[in-house]
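J.: Sequence:
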Amino acid sequence: MPRVKKIEKKEDKKHRKKKVPVQAVRGMNDILPPEQFIWDYILEKARKLCNDFGFGRIETPILEHTELFYRGVGQITDIVEKEMYTFETQGKDAVSLRPEGTAGVARAYIENGMSKWSQPVKLFYEGPMFRYEKPQAGRYRQHHQFGAEIFGDECSAVDAQIIYLAWKIFQKIGIKNTTIQVNSIGCSECRPVYKKLLVDYYEMKINKLCLDCKRRLSENPLRLLDCKEEKCMQVASSAPQIIDHLCEGCHDHFKNVLEFLDELEISYVLNSSLVRGLDYYTKTVFEIWEDGVEGAQTSLGGGGRYNDLIRTLGGEDTPAVGFSFGIERAVERLLSSGFHLEQKIRKDVFLVQLGNMARKKILRLFDKLIDSNIVAGESLGRGSIKSQLRMANRYNSKLALIIGQKEALDDTVIIRDMESGMQEVVTMECIVQEVKKRLKA
RNA sequence: GUGGCUAUGGUGUAAUGGUAACACUAGAGGUUGUGGUCCUCUCGUCUCGGGUUCGAUUCCCGAUAGCCACCCCA
503 MPRVKKIEKK EDKKHRKKKV PVQAVRGMND ILPPEQFIWD YILEKARKLC
553 NDFGFGRIET PILEHTELFY RGVGQITDIV EKEMYTFETQ GKDAVSLRPE
603 GTAGVARAYI ENGMSKWSQP VKLFYEGPMF RYEKPQAGRY RQHHQFGAEI
653 FGDECSAVDA QIIYLAWKIF QKIGIKNTTI QVNSIGCSEC RPVYKKLLVD
703 YYEMKINKLC LDCKRRLSEN PLRLLDCKEE KCMQVASSAP QIIDHLCEGC
753 HDHFKNVLEF LDELEISYVL NSSLVRGLDY YTKTVFEIWE DGVEGAQTSL
803 GGGGRYNDLI RTLGGEDTPA VGFSFGIERA VERLLSSGFH LEQKIRKDVF
853 LVQLGNMARK KILRLFDKLI DSNIVAGESL GRGSIKSQLR MANRYNSKLA
903 LIIGQKEALD DTVIIRDMES GMQEVVTMEC IVQEVKKRLK A
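The numbering of the first sequence is the numbering used here, which starts it at 503 and goes up by one.
The hints are simulated quantities; they were obtained by calculation from the structure and are not laboratory data. Please note that the accuracy of each hint is not assured.
List of simulated lysine to any residue pairs, SDA-like, C-alpha gap at most 20 Å [said to hold, decoys possible]:
id, residue 1, residue 2
1, 733, 706
2, 730, 773
3, 908, 877
4, 707, 691
5, 636, 830
6, 670, 765
7, 710, 724
8, 939, 874
Start from the sequences, fold in the hints, and give me the full structure.
T.: This is the structure:
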């Protein structure tokens, strides 16, 4: 008998089930309730800190003119060259989903005349970014960043402050085993000079390089320094370092940044091969890495100074610094380190109903409780009292309020203490008061 | 974009050339209106599409997705 039943059931399903592959666009993920707890936790801490540091929140559109990223991020960077979601609107505008946050914020600074505001202007933002990359853990086509920017202040203390803020956010969140990597990549004056020096050096040693590095030499020479091949590392070890070839202004600026960092007592590592992949950076650049992982480093976040960006985009000459971090990466980092948020779903009281009359009463009672700031749970769809009490138990409720046929008619409620099992009948009129009293106790 | 590895119920894992086991989670029950322990039952066309085979979840090919390295970055 049971076997026959089973077979029939299966065949039933066979016919009903359509084979439509339901899946999100590659590299884009749903963020489900259990994870949202962690997201909220991270964002709350980050927002609070930014507010404390005097930043105001800004939101800019996800879509910008493609030209903005060409000019801002740099046309020959990987990000805009091959990773942008670019398309033409019906009105023939070339637009792109933002691959990063700074360009949009900088655009908003210019467009809204913020140069006339009291300087510096400090802004923070959060939201989705889009990059058409091959997805991997911690690397998605849609990911979310939290970032902060300071416009109109060229003082090196501000560089240190933004690094400090970035570090502090991770501290607050509870990601403590991080290392701050710092470097200066000079300005439009001294960087080209250094680049040439570096290329000249490497060209002399070209036969000692790996295949990748031979390619890097012509495409992205600054990347030569952090090749992981043994022989290349040897060549790199005696290569000229940017820090030794900064112009006087950049040199002093960097020296001061480091002094301020020392003053703030945060440890950092000078990393002469730190480059960053966006064109707009000048002088200070930094990244935050997690400790312990040798070799392939994925940074949690990073940033730097970009004194030329606003001018490049058509604004007045305005110095700026900023940073951003990836929320997904922070979430993953927390999860992998065994982070456990106290996210027990808890309801002060649970409403149990038996029959339609009682359901009506429950609906109204629920509303009354909510208005009195009492966290109430219910399960209107469930029938048996047993399963409803089970829910009450799962929600860790102190009290269960039970309304059956009889109570519905009498306009009363059974109030049950879940711990002791003691029950009492209370009139509907004073139920809220009674619940309040018991929750306090 | 290049190369490699993987793909079993909601989750985490087994086993097998003859249609699948275990744990957890979830749902329904364990006599008529009472939870947390316990017990029973239910939930998988073994990612999809081809091929080899009498027969494939198991072998082969392709697609898709995930992961790893490179590239790059958050």
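J.: The structure should be examined with respect to each hint, and the outcome stated for every one.
T.: Right, here's what the structure says about each hint:
no.	hint	in the structure
1	733 with 706	14 Å, holds
2	730 with 773	15 Å, holds
3	908 with 877	25 Å, violated
4	707 with 691	26 Å, violated
5	636 with 830	16 Å, holds
6	670 with 765	15 Å, holds
7	710 with 724	17 Å, holds
8	939 with 874	12 Å, holds
Checked against the numbered hints above, the structure violates hints 3, 4; every other hint is satisfied.
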